[in-house]
Structures are given as structure tokens and as C-alpha cells.
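Q: Chains A and B, in that order, are what the protein sequence lines are. One rule links them: number in my numbering = place in the first sequence (from 1) + 220. One rule links them: number in my numbering = place in the second sequence (from 1) + 6.
Simulated from the structure, these hints should not be mistaken for laboratory data. All residues carry an ideal CB built from backbone N, CA and C; glycine is no exception. There's no promise every hint is true.
Said to hold, decoys possible - Straight-line Cα separation of at most 30 angstroms, DSSO-like style, residue types lysine-lysine; simulated pairs:
{"id": "1", "chain 1": "A", "residue 1": "LYS403", "chain 2": "B", "residue 2": "LYS217"}
{"id": "2", "chain 1": "B", "residue 1": "LYS144", "chain 2": "B", "residue 2": "LYS217"}
{"id": "3", "chain 1": "A", "residue 1": "LYS403", "chain 2": "A", "residue 2": "LYS324"}
{"id": "4", "chain 1": "A", "residue 1": "LYS324", "chain 2": "A", "residue 2": "LYS282"}
{"id": "5", "chain 1": "A", "residue 1": "LYS404", "chain 2": "B", "residue 2": "LYS75"}
As the list claims (entries may be wrong) - Which stretches of chain A does chain B cover? Using the computed rule of at least three CB atoms under 8 angstroms from a CB of chain B, they are:
{"id": "6", "region": "399 to 405"}
{"id": "7", "region": "410 to 417"}
{"id": "8", "region": "426 to 432"}
Residues per chain, in single letters:
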Amino acid sequence: MTISEFILDRLDRMLLRIAFFFAVSAFLLLTGTQAGIIALLLLACLLIFFAELLFDFWKEKKRLDELQAIMRRLDERYLFTECAPRPRRLYERRLFDLLRLSGKSMIEAVSDAHAAQREYREYIEQWVHEIKTPITAAKLICQNIDSDTRRRLSGELAQIDAHVERALFYARAESPEKDFIIKKTALSSICEGAIGTHQTLLIQNGVRVETENLEETVYTDGKWAAFMLGQLLQNAARYRSAAPVITLSGKRLGRQVQLIVRDNGIGIPAHELPRVFDRGFTGRNGRSQGGSTGMGLYLCKRLADALEIGLQIQSTVGAGTCVTLTFPAEIKLT
Amino acid sequence: MQTIMIVEDDPVIREELAFLLENESYQALSVTDFETILEQVRSACPDLVLLDLGLPGRDGLSFCAAIRKIAPIIVITSRTSALDELRALNLGSDDYITKPYNIPVLLARIRAVLRRNGTEDAQPDMLKAAGLSLSLTKGTVTANGQTAELTRNELKILAHLMSHAGEIVSRADLIEALWNSQIYIDDNTLSVNVTRLRSRLEGLGLLDVIKTRRGMGYQL
Chain A
221 MTISEFILDR LDRMLLRIAF FFAVSAFLLL TGTQAGIIAL LLLACLLIFF AELLFDFWKE
281 KKRLDELQAI MRRLDERYLF TECAPRPRRL YERRLFDLLR LSGKSMIEAV SDAHAAQREY
341 REYIEQWVHE IKTPITAAKL ICQNIDSDTR RRLSGELAQI DAHVERALFY ARAESPEKDF
401 IIKKTALSSI CEGAIGTHQT LLIQNGVRVE TENLEETVYT DGKWAAFMLG QLLQNAARYR
461 SAAPVITLSG KRLGRQVQLI VRDNGIGIPA HELPRVFDRG FTGRNGRSQG GSTGMGLYLC
521 KRLADALEIG LQIQSTVGAG TCVTLTFPAE IKLT
Chain B
7 MQTIMIVEDD PVIREELAFL LENESYQALS VTDFETILEQ VRSACPDLVL LDLGLPGRDG
67 LSFCAAIRKI APIIVITSRT SALDELRALN LGSDDYITKP YNIPVLLARI RAVLRRNGTE
127 DAQPDMLKAA GLSLSLTKGT VTANGQTAEL TRNELKILAH LMSHAGEIVS RADLIEALWN
187 SQIYIDDNTL SVNVTRLRSR LEGLGLLDVI KTRRGMGYQL
């Protein structure tokens with residue numbers, strides 16, 4: 221609050237008060253009081269009046285500054301009325317109480333929403349675990365039927381499994397810090413895990429996978445990294461060219477290690493590249509192929525951020541796409 | 007024959023897993039009474055226990071340490087959180103596999119745990135079929151007193167054909183078997199590799215030992 225704001229706020233009453241002083245002075249003058257005494261009285265009244273104004277301004281400013289400082293220090297600003305000191309004046313106190321009631325109902329609404337979200341997340345996780353039992357049973361039953369039907373059914377089961385995994389990781393990405401454990405992991409084991417999971421899809425699409433230099437080790441959560449790589453492999457199989465080849469290569473870059481996933485697929489138009497990590501973005505390729513959810517790369521980005529993995533994508537239409545995962549440097553504890 | 011005990015409450019998975027293990031020439035024992043798991047493990051003394059965590063009434067993890075004193079354990083569960091895995095491994099479990107598992111991967115890890123615990127019958131190093139003998143560790147094939155070296159791809163293809171000697175192996179099955187050995191090839195590459203393998207075998211004086219069955223696959 222500045223002094224001009226303060227004056228502007230009280231201008232009407234100030235003018236009224238000054239007009240009143242002059243009216244009283246005029247009355248006294250007409251009833252025969254000496255002009256000198258009136259001048260003295262007027263001066264005294266005006267002085268007291270301005271002193272009072274200044275005092276009010278100083279008090280209000282101090283209080284506002286204090287409240288603003290409290291607000292600035294709060295992490296959850298909706299808790300303001302819980303932390304601010306209760307005012308002394310009746311009018312302010314009533315306003316404060318009203319604000320507090322409004323804040324309270326807000327806090328309740330927020331915590332209800334949090335609880336509902338947590339319960340939903342827990343239910344999704346539980347559901348994912350339950351659905352895995354019948355998927356496993358179906359996979360085992362598949363082993364005993366003739367090979368052509370088995371392959372087709374396995375393909376469908378693998379798709380179900382991929383969708384279920386995405387749901388699980390989506391729920392996990394909400395509070396990622398709880399669920400991953402960073403361990404020394406070889407790139408080869410991440411790659412073998414991801415390829416194994418999506419083997420049926422890759423074989424069905426006639427994909428050849430070449431690997432090079434995967435002896436490098438990184439510090440990350442192997443399962444999360446394999447899930448991310450799995451999303452990239454699925455995309456490569458889905459948006460493939462006539463003779464699809466995926467190359468997985470490790471590369472040491474100073475203290476960091478990169479995993480480069482290169483395909484020779486149909487590629488992504490340049491103007492769509494900045495948006496491919498957005499939630500629900502499907503782009504031209506997704507629309508023309510159908511069945512695209514726009515979730516795979518979005519989840520990759522979320523998980524990569526949580527694991528502090530750098531994620532870059534380059535693509536040329538008709539030539540292929542290259543995604544680079546840059547794993548964080550090993551932190552030496554001394 | 008090695009005995010593998012299955013502790014799993016889902017009846018379909020239990021039966022199918024037992025069937026699968028018996029096909030792989032293990033002896034499978036299924037636990038159906040979950041009140042007396044420890045006693046059953048103690049009396050059967052299996053070479054390996056496949057332990058599910060979500061058992062009726064009790065958490066499989068609570069048995070882990072006690073079972074581990076008798077037999078190695080592979081935990082098989084639908085719980086995928088990193089914390090569960092860590093707890094299972096800390097309680098002595100030898101491996102941790104999440105459902106739904108890839109069946110060849112499951113079998114490979116069973117073999118690995120059995121081998122580590124020294125109960126696995128030594129894997130045959132030599133395969134013999136159709137007048138060929140194949141050394142898996144050296145990567146060489148011998149016939150008519152002559153020996154030729156094979157590349158990794160050729161070795162795996164020949165090994166798969168020889169272990170199914172006389173049968174028709176479809177190209178799709180062959181590709182699947184190769185992928186399970188971390189050789190991620192496509193159909194064309196398979197043709198190229200088979201052609202190379204044939205010419206190597208011709209060098210040993212074996213003409214047309216791998217027959218192409220049109221529309222069906224290969225046959226040794």
C-alpha cells in the first residue's frame with residue numbers, strides 16, 4: 221500500500237472533514253469570534269487530523285506488510301488464515317472469520333480430492349496385479365496349442381500386457397519417488413528385458429534388432445528404463461518401414477552414458493516433433509495408423525524426468541527416428 | 007530328475023506350470039494346502055521352490071527365510087514394486103520374476119538358479135544328430151572326421167534343428183528360438199544365415215542335410 225493509494229481510498233471522508241472545519245470556522249466568524257483564535261483552532265484541528273491520518277496509514281501498512289510476509293513464507297497458501305494472527309478489531313475479526321470458513325471448506329475439498337486420487341491410484345495398482353494372474357494363466361495355456369494359433373494369441377496377450385503396464389506406470393508416475401530403486405544396471409539387461417517383453421510384437425512386424433556396445437553400465441531403475449525402452453520399441457514396430465531395423469547402441473559421453481534407439485521407420489514431421497511428449501498427442505502418423513493413444517512417449521518423458529534421464533528425439537520423414545536416453549553420471553560418494 | 011515345488015494359489019497357473027515343467031523333464035510338485043507349506047517343503051526336499059507371494063491368508067515373504075534353509079527359491083509374483091523385490095531378495099530368494107513372465111525366460115532362470123546351486127545335471131555340451139556332432143562351448147561342428155567353426159547365429163540355428171532332428175521346424179519357431187537367445191533377426195536374415203550354414207556343411211561333405219520343406223520350414 222502506498223500513501224497515494226491510502227489517500228485516494230479516503231479522499232471522500234477527508235474532503236468532508238476539511239469542509240466541516242471550514243464551515244465551523246465560518247460559523248464562529250459570523251458569531252463574533254476573533255479571526256486569530258479561529259485561525260489557531262483551525263490549524264490545531266488540521267494538524268491533529270493529519271497526524272491521525274499518518275498514524276492510521278503507518279499502522280495499516282505495518283499490518284499488511286506482516287500479513288504479506290506470512291503469505292510469502294507459506295508453501296500451501298490456502299492455509300493462510302490458519303497461520304495469520306487473529307485481528308483485534310471487531311470488524312476485521314468478522315471478516316477474518318468469514319475468510320477462515322471459506323478456507324476451511326477449501327482445505328476439506330482439497331484433502332478429499334487428494335484422498336480420492338490416492339484411493340484410485342491404489343485401486344489401479346491392485347487391479348493391475350490382479351489382472352496379471354489371468355494373463356499369466358492364459359500365456360501358460362497358450363504353450364499347449366498349435367504354433368500358429370499360439371503365436372496369434374500370444375501377440376494379443378502381449379498387447380493386453382503392454383496396455384496394463386502403461387496403466388500401472390501412469391499411476392506410478394503420479395508419485396514416482398516412492399517406487400524406484402537406483403541400482404547399477406547394464407544396458408544389455410535393460411535391452412534384453414524390453415526386447416523380451418515386446419518380442420512377439422517385434423517378430424510379427426518382421427523387425428530385426430541390432431545391438432552394439434551395450435556393455436556400458438548405468439545407475440538407474442532397470443524396470444523403469446526397460447518400460448521406457450519398451451515404449452520406444454513399440455513405436456518403432458508400429459511406425460515401421462518395409463524392412464524395419466532397430467539399432468540399440470550404447471555410448472559413453474564423458475561421465476554420462478547414452479542409449480541410442482534408432483529406427484528406419486516412417487519418421488515424424490518436423491513441426492510435430494516438439495509436441496510428441498505431450499499427453500494424448502498422436503500426430504499425423506498416429507491418426508493414419510489408428511490405435512494410437514498418445515500415452516507412450518508422454519509416460520516416457522514423465523518417468524525420464526523422475527529418473528533424471530535426458531530424453532531427446534530426432535526424426536526425418538521417410539528416413540527414421542532416433543531417440544537418445546542420456547543416463548545421469550555416476551555420483552561418487554566419498 | 008530334479009524336483010521343483012510350485013507354491014501358487016491360482017489353480018490354472020499351478021496346473022499349467024506343472025505341465026510345462028514336466029514337459030521340460032522336471033518333476034513338478036504342487037502345493038494345494040497352504041496351511042502346512044513349510045512341512046510339505048521339509049518332507050519333499052525339492053531342488054527348487056517357485057513361490058508366489060499373494061497366498062491366501064499369509065504373505066509368501068514370511069516363508070522365504072525358512073524355505074531358503076531347505077531349498078533355493080524363485081519368487082514369482084504379480085507385485086512389481088521395487089520394494090517388494092528388495093525385500094524378497096533380502097530374505098534369501100535367489101531370483102524374482104514378475105507375472106506375466108516370458109516362458110523361455112522363466113525356464114532359463116530356473117536353469118540358472120539350479121546351476122548356481124549345483125543341482126543342475128550338467129548340460130550336454132555335445133549334440134549329435136544326422137551324422138553331425140556339435141560342440142556348443144567351442145562352437146564347432148564335426149562330420150566325416152572334419153571340423154568347421156560356426157558363427158554364433160549359425161551355431162544356434164544348427165543346435166535348434168539338431169535338438170528337433172527329424173521334425174519340421176517352422177521358420178517362425180526358429181526365429182522365436184533365436185530371439186530367446188538374444189539373436190534378434192528377421193526372416194531375410196534367417197534365410198541368409200541358413201544358406202551360409204548349408205555351405206559350411208557342404209564343406210564338410212554333407213550335401214542337403216538341412217532340407218527346406220516348402221511352406222512349412224526346415225528339417226534336419
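Q: Each hint should be assessed against the structure and marked as holding or not.
A: Comparing the hints with the structure gives:
1. The hinted pair formed by LYS403 (chain A) and LYS217 (chain B) fails the criterion: a straight-line CA distance of about 48 angstroms is larger than 30 angstroms.
2. For the hint pairing LYS144 (chain B) with LYS217 (chain B), the CA-to-CA distance comes to about 25 angstroms; that is within 30 angstroms, so the pair holds.
3. Restraint check for LYS403 (chain A) and LYS324 (chain A): not satisfied, since their Cα atoms lie roughly 44 angstroms apart, outside the 30 angstroms limit.
4. Between the alpha carbons of LYS324 (chain A) and LYS282 (chain A) the distance comes to roughly 26 angstroms, so the proposed pair stays at or under 30 angstroms and holds.
5. Distance check on the hinted pair: LYS404 (chain A) and LYS75 (chain B) sit about 28 angstroms apart at the alpha-carbon level, within 30 angstroms; holds.
6. Check result for the region 399 to 405 of chain A against chain B: holds, 3 residues qualifying (beta carbon to beta carbon below 8 angstroms, three or more required).
7. Here the region 410 to 417 of chain A counts 4 residues with a CB under 8 angstroms from a CB of chain B, which clears the bar of 3, and the coverage holds.
8. A count of 6 residues in the region 426 to 432 of chain A with a Cβ less than 8 angstroms from any Cβ of chain B is obtained; the coverage claim is therefore met, three being the minimum.
Violated hints, in rising order: 1, 3; the structure is consistent with all others.
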